[in-house]
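Q: Given these sequences and hints, build the entire structure.
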Amino acid sequence: MCGISAVALLLCFISAQCGSPDASRLVEHTAQSFRDAVLSGKTSFIYFGKHVNPAIKAFIEQLEMSAHALEDYGIVVGKVNCSKDSVEKYCTGEEVMKKTYLFRGADVLRSFDIDTVFDVNAIVSHVLFSVLFTEVRYVHTPAELLAVERAAKGKMDIVMGHIQVLGLPEHRALMEAAFVYGAKYQFVQTTGAPLLKHLGVADPTSVQARLWFLHCRGVAHRSEPCPHTLMRKPLTTINIHTFLQLMEAPLLTEAAVDPDEVKVVYNHLNVPLLFLFTQSETLQLDRDTAESVARRLRGEVGVVLIHRDSHRVKTPLKHNAAYRLPQEEVRYFSLKKVEELIDLFREQLFQGTEEEEEEEEEEEEEEQDDRWSSLDVLDDEVAESVYRDRGVMLDTEAVTKLTAETFSAAVTQNGLMVVLFYVKWDAVCVAFLQSYVEVDDALDDVSGIELAYVDCGEWTVVCSDQNITSFPSVLLYRPSEVPQRYRGMLGTGSLHRFLLLSQVPSPTSLSSSAEVLSFLEGDLYNTNSALSPVRVLGLYSPADTDVVVFEEAAKSLRGETLLGLFVHEEAERWAEEHSVTLPALLVSRGPGILREAHSLHSSTPQELISYIQSTTLDPFGSNSCWTVSSRGLSRVCSSTTCFGALTAGHWRRGVSLPTRAPPAGRDHRPVAEENRRWPGAACRCGLRCRVGSPCALLRLPGCYGRRSAWVRGSAEP
Amino acid sequence: MELVLAFLCLLSFISLVLSVPGHHHGDNSTHHHDYCVLGAGPAGLQMGYFLSRSQRDYIILERNAGPGSFFQKYPRHRKLISINKIYTGRQNKEFNLRHDWNSLLSDRPDLLFQRVSRDLYPEADTYPLYLSMFESELGLKVKYRTDVGRIRASDLAGNKSYILTDQHGTDYKCRVLLVSTGLWVPEQVDFVGSDLVEGYESVSTDPEEYKDQAVLILGKGNSAFETAQSILGRASRIHLYSPSPVRLAWQTHYVGDLRAVNNELLDTYQLKSLDGLVEGGLEDIAIVHRKEQFYLTLSELLDGHDGNKGANITAENLPGYHDDNFSLRQPYDRVIRCLGFRFNFTIFDGLARLPHSTCARGRLPAVTAWYEGRGTSNLFILGTAAHSRDYRTSAGGFIHGFRYTVRAVHKVLEQRYHNNAWPATRLSTSQLLSWILKRVNEASGPYQMFGVLGDIILLQGAHCEYLEEFPVQALPHFSALSGRRISEHGLLVVVMQYGLNHTNTLGPGRAESEWTKAWKSNFLHPVIYYYPTLPTEKDMRQRPVGWPLPRPNAVHHMVEDFLTEWDQPISHSQPLRRFLEYCLKTDLRAFYAESCFRLSLTNHKPPLFCRQGYLNKEGFVGNSHLWQHAREAGLMPAHQGSVIPADDGLFSEYLPHAGAAVTSTIDFDL
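From first to last, the protein sequence lines stand for chains G and P.
Quick note on numbering: my numbering labels position 124 of the first sequence as 124, and the sequence is numbered without any gaps.
Quick note on numbering: my numbering labels position 39 of the second sequence as 1039, and the sequence is numbered without any gaps.
Hints may be right or wrong, so weigh each one.
Facing chain G, a subset of chain P residues (Cβ under 8 Å, in silico) [said to hold, decoys possible]: (1) E1094; (2) P1109; (3) S1434; (4) G1619; (5) G1622.
Derived DSSO-like pairs (lysine-lysine); straight-line CA-CA distance at most 27 Å [to be verified]: (6) G:K424 / P:K1617; (7) G:K337 / P:K1520; (8) P:K1093 / G:K401; (9) P:K1173 / P:K1141; (10) G:K197 / P:K1605; (11) P:K1617 / G:K555.
To be clear, the hints were calculated from the coordinates, so they are not data collected in a lab.
What you are looking at is a predicted structure, and each value in this text was computed from that prediction instead of being measured.
Each residue gets a CB set at the ideal place from its N, CA and C atoms; glycine is no exception.
A: Have a look at this one:
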């Protein structure tokens, strides 16, 4: 199809669209004329109506306008008044009829609800889309697009439109273009976001209607992708036309005359022209540059390479580039970087404002400033949240502020002195100070614990004397004891719990079997049962000297776990009862829950500490796997996920892999990477499973954080 | 005694047996020490303190009866120009040393110069007083009235030891010699009539003696201006003459240049009140005596005859005859030489002879980057005499600078002779940012010895080692000097620097406030260099002019700060963090436990902060107020699923329910 006639055609659509139709092209069918029209084989779009309410009236007005527009595509728009002539099948009994039909001959191509074809744009776009159904491909995923590309490679170029909502003017423009150029290009329509990502749009949600030209015809090899050009102007019929014409025009025009004399084949399209100058010495280089510029500005600006060697070129040497906007004079300038050019066209000329060069530079600088100012935004969530609080003075009155002068006296006084070491430039420290003050508040009525803090930015010697190398640090001081470092979560709850538990001596020396029972059943220190139902008891015979190891370990675990120590003749009886030998460890998880017993073999406090830590963890049934689920997630249990869950759980707790051997016949791999994605031990819910079978929810209602509600013991029924 | 010294000991024992027949313990006139410190000035006592703290066998030899004898005479007009700023508004001892130029380093918090003087520019007599206090309170071993006149070296298998002989002929055999004799020989320039010139060291300090006299002072340094300033109200005319123009300390940032405290003459010169400055060479001039007055002339005008002997000086011998508006055509009543001091090279003999440094007109001995004499191993130069390393750039020639270089040398000694590696603080890499900020905000060593001493950070993946105040010029020999190894992760060097661009120090645009243009900073600011491998000696030699270090793989300037507080989140902390992230190739941001949990579920390798905190059961929880901020900023997802954090957000509600619930201290709340 010849370009000029296409323009004429398109221009006449526009005039039709804009001008009000003086004579209505809407055909009023009788039953007879409807039958004739259908028999003629023409495509027609017909509304069958009866009662006219305001909504229908408005629709009929739009229908009349579309009759004008669709006439050019050989589609007759008509209506049938069912109250006068009843047409079978289409005139239904309803009072208000809301259906329109698109006929090709006697066949109904499609029927539309008038809510869908609500105005002239919607009517035209939907009708054309239906008519062109076979020609315009509708794709949604990148894979579908690749299939279309594959078919088109080496044969024809593809025009792809992204339309957010069907029936809008952009959709109409695309459909009209498809109607005109359908034979020449493969048209593709999409509404999907995945494709936009595929085409390199960073944020698909913000994208308006867009159009790409995929240069597939020139692609020789199947493996190569089709290069694409994005149309940067709004999707209107005239813009699409200009764009498609430019896609056909040569990428780079070469000339040997001054810019104002240059004629290009697409002169009639009124696009801006960019002139770059070259001489024979640098021709190849300049041509490459010009081509790359042309490629980047394709569809927006025509690029002309002018050979300076020609005597007809009189442009002074100080300029190496020029541009001409439609209906304007040529402007000369000197170019330093290609980027400037792209900016010049993209940012300035197309914004409608034309700047002098100095201003352009300024703008560039501003733009740079903008780029920097985005770097001024804090991207650290803790730093940012602290920064947002910079206007707020935290009330730290209640917490003692220690100095070099007061420090040593404070930490040697009676009771527990808790000291936070912080620096004010560390966001975590500043944020944690809030939690610290909260803990102080919560401990207001607890005697024997005092909270204080030291600013290490000011009292640097105090902090270095205490070997503080990480901020924030919380140290617990008791008279004549080595300071204990708090190693738990830096949060109000964790620290609060820790400090309360720290009040209990560790280990608690028990002197009789009655006390042991009371300790294990949670009666002793019952106020702390709320904090930690787990109690660990060391059983030693009076002769055993290793008891110091336990004492040492218990000291380190103070605040973490409640530890009792029973050094007594009767210890033997307790051990026998639990069928272990002395020295032994009894772990109680609350009254009524079966106690666990372990013989102790650890010789150093460090070994014993990690042993106690691992025994106090939630036990995992040896034949079952307990996995995480907060939403009743059901999962088929494979051997790896099963053990992944188990091991990952330990991993999350910072404990080494379990030493327990995996059950026979199961593959016990180390924490596979994929299993890290669901470390099981967060355990809000117990799931248990057998290999290959779906994980069964053990007990859904009570499982939210209520570990003790689970049934322990043998896992598989 | 450690292995190395034991070996040295053996060597010297053998040499002793070879050279001196008889048993050395019986020889009264020979003393043996591992370390001999020559001179009980500030540098000698400073080294004495470190040696005594590490319990080394040392002796400080001093020829005078008390410490710091230089200060008993100098400065002649008895005003110290080293700043003694007592009130800084801060309590940080380390920070306050940035503004205390007189104190020596010790672990006694009260052993500071402010105990003897409260003046910003203290009386010079207070300095020996301070040094005596320092010496006696720390119990340093000083042998006074021991005037070492000769130093020889004995070289056995390339290992030098030193023999010092005092005025009584007593020998001191030293395995390591630490020379802290300072600069005290007045610098003289040989020209015709130089004998007619009075010296700064002996000139009268009584202004009345200068009443209505015209005075020519040779030199334009602090001693020249100090002398001029004292007679400003009495002398009729004061002219200062030297080859180079005045360099103002407040323009050059070099404290050895003319200090504003001494520069009143600049006023009287620029306001045309009969004083003036003139530039000209010293070697070609002649001072001639004519009619009880002195004239400055050029030696070439004397027609070969020595003007002051024999033939009378005629008008033709004076420049005013040839050039009628010659600036210095008028006669002077006095000519005073104020050209500074030089190192006493004369006592070093034979193998102990010290080469002259090329800078400072050869007044200083040449030393290595770790202050060992060039060619004289086991002999170190401390104090002012070691200034050739940073002459006219940093503070190595001044107490507030060399107290740190002495400390650095001591660490080198500890490593070399006792196998004690350079002290290092081991840090989690997630703590590195905070630690660097701590150092740049308080450290006095790199602040005073800018461009010379820098902190070295040895990157080792999840951890790093932080070494303080290493002489950065010695980086190519880092491993040998510090006893620490560089891992494949490379190293960072933190130094303080002034800008290299020369700008008008008081003019507009003198300071940069945009962090994005931090590299343009003019005032002292921290600069961090990143090297994947140690720079070589060649890299060091070929470094760009004015740079303290060779071109690194990455460099970060922290923008200069008017208050010298580099702790702001947007301008200081975040850019530094991004730089560290670039060098360490890891995310160094901090995260709330909630985010760490999410990241741990969705990433093979959660961020370092989470790995070293949260996954270690030491995560940082925060509270709902802070989370709200983070969510509003779009840094935390608005909803973390249906799970409600039970721990901290709902802290108070949580406790009553806790009944029989939680079994572990780790939070179930995520």
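Q: Given the hint that K424 of chain G pairs with K1617 of chain P, does the C-alpha gap stay at or below 27 Å?
A: Distance of about 24 Å is within 27 Å: holds.
Q: For K197 of chain G and K1605 of chain P, compute the direct alpha-carbon distance and say whether it is at most 27 Å.
A: Roughly 26 Å between the alpha carbons, so the hint for K197 of chain G and K1605 of chain P holds.
Q: Holds or violated: K337 of chain G with K1520 of chain P, Cα cutoff 27 Å?
A: holds, 25 Å
Q: Tell me if S1434 of chain P is really an interface residue toward chain G, meaning its C-beta lies closer than 8 Å to one of theirs.
A: holds, 5 Å
Q: Closer than 8 Å between Cβ atoms is the bar; does P1109 of chain P clear it against chain G? Give me holds or violated.
A: Interface hint status for P1109 of chain P: holds (7 Å vs cutoff 8 Å).
Q: Hint E1094 of chain P vs chain G: min CB-CB distance below 8 Å?
A: holds, 5 Å
Q: Would the hint linking K1617 of chain P and K555 of chain G be met if the CA-CA limit is 27 Å?
A: holds, 19 Å
Q: Is the hinted pair K1173 of chain P and K1141 of chain P satisfied, with a Cα-Cα distance of at most 27 Å?
A: Given that 27 Å is the threshold and the Cα spacing comes to 16 Å, the pair holds.
Q: Restraint: G1622 of chain P near chain G, CB-CB cut 8 Å. Satisfied or not?
A: holds, 6 Å
Q: Any CB of chain G closer than 8 Å to the CB of G1619 of chain P?
A: holds, 5 Å
Q: Please verify whether K1093 of chain P and K401 of chain G have alpha carbons no more than 27 Å apart.
A: holds, 18 Å
The structure fails none of the hints (numbered hints given earlier).
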